[in-house]
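Can you make the complete structure from the sequences, with help from the hints?
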Amino acid sequence: MSAVLDSLEAAFREGLPAARCERPDPGVHGGHLEVQVAPGEVVGATQILDRHGFAIDAITGWTDRHGRLEGLCDFFHFTAWEHVAVRTRVPRDLPELPSIAGVYAGANWHERETHEFFGIRFRGHPNLTPLLLPEDATYHPLRKDFSGVA
Amino acid sequence: MLLEQTISTRGTEPAPETFVLNLGPQHPATHGVLRLKLTMDGEYILRGEPVPGYIHRMHEKMGENRTYAQFLPNTSRIDYLAAMHYTHALVALVERAAGIEVPPRAEYVRVITSELNRISSHLVWFGAYLLDLGGFTPLLYAFDDREKILDLLEAITGARLTYGYYRFGGLANDVDAAFVEGTRAFVTYMQPRLDLYRKLVTDNIILRKRLEDIGPISAEMCRRYGASGPVLRGAGVACDVRRTEPYSVYPSLDFAVPVFPEGDCLARYRVRMEEMAQSLRIIDQALTQLPEGPIQAKVPRVIKLPPGEYYSAVEAARGRFAIRVVSDGKDIPYRVKLRTPSFANLTLFEEASQGMMLPDALALLGSLDLVIPDIDR
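From first to last, the protein sequence lines are chains A and B. The numbering of the first sequence is my numbering, which starts it at 1 and goes up by one. The numbering of the second sequence is my numbering, which starts it at 1 and goes up by one.
Quick caveat, the hints were computed from the structure, so don't treat them as lab data. Glycine residues also receive a C-beta, built at the ideal position from the N, C-alpha and C atoms. Don't take each hint at face value.
Calculated from the model, a selection of chain A residues having no Cβ within reach of chain B, i.e. all distances over 12 Å [unchecked claim]:
1. Ala11
2. Arg89
3. Asp93
Derived pair list, reagent style DSS-like, types lysine-lysine, alpha-carbon separation capped at 30 Å [what the hints assert, rightly or not]:
4. Lys61/B with Lys144/A
5. Lys144/A with Lys298/B
6. Lys330/B with Lys144/A
7. Lys330/B with Lys148/B
8. Lys330/B with Lys298/B
9. Lys304/B with Lys61/B
10. Lys37/B with Lys209/B
11. Lys61/B with Lys298/B
12. Lys37/B with Lys61/B
The following block contains the structure:
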């Protein structure tokens, strides 16, 4: 067990008692810590990771079989093999999450991408315009009900 | 009178006569279809905003409509200069998730071809970067050397760029004695070439003046933006996925992770030049240790991963490339996410280019070694 992960999990228990932490088998799944938080706790969770010296890996989303949206932030560590994923459920009728661009500047583009692909709006994002899709795109191609024949 | 006014205004705040300069999407310095929207104050950049997306192909959606094997060719077409590494990430993910044991010979050949690919990718960057900076000749040298690698890889993979050489559990073809001998000869040939480049280019005073203290990127900036690869190692952080998240047979090979703490364009330049030498070291050892034996494990005809989430990262030529797959137990992945190094490395351009002169910002852009399909995906 790594000291960084232990201290991180302790910080989550103290700062965000409602967060659920899980440790998958990295040899199979490639990740070390999965943290499930409520939408309102995303920024708090990110600040904890920031204090522990983690770097932002990527932000994305996905829709499960029941059409529920989930936002997902990946973090990695520069000097140790510690991969942390922070997940949060997003209500489908009001798909909104707080932006973490204020904590990790690199989140800016990842959130723009997640917004255009999944239609998740990031509150407090400085410039939530399409990044890779055309400027006037009104569709969200990575939602499962979008039938793009690729 | 008018001139005095202008000068006094400029002393305290930017002149009101700013203008927007559009660079790209078709411009030689962007090396691909990337657009830069530059708000300029004379020769100085107030805000440099990259506008990507011109060649967006939605590889992720394609992944969700194809079987694992059908998606394999896509991995060569994201970063077309480092196709081997991207294929490696996907096959490693599937092998870990399905518990496939890869024969040692296949793993060694993967390392040899991956490192050859890293050298060929860095050579393209080397030539093109010098071209950006106004030196035409190095490109011809670099492409001459790269040609030797492409010939070697073409003989065993059948392709010069989009190799698609790795298979789940092994390789498409075994390597023959000619490849082993040819690669040995290349290692012997390439070492003195790197010395030549150091004498002719790296130690050149014009290059030094052009790159030293230009485009500083700190380790902290890399962390906030998730930058990786030579950009991060040029900021003094010894972060290399081959070391920190070991995969394949890299743990049994002896190599150094080149780090330069200055964080300027020259540091990133020197990281890549040093990395080529280290790749040669790796290839040399892997050729010596290359075992005989099978190159393909027994794998099911149709690949199905147990339900769950899988994540696999590799050290590609431009940094950390990772694939995340969500499987629901079917033969087609439920969700594919591609985390690409050029995307993360470009996000810091806006902050890093602030207040730079335009020609210096192009030196900074080139030092990031962008491949545009890697950003647009």
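### Query
Among the hints numbered above, which are violated by the structure, and what are their numbers in rising order?
Those not satisfied are hints 5 and 7.
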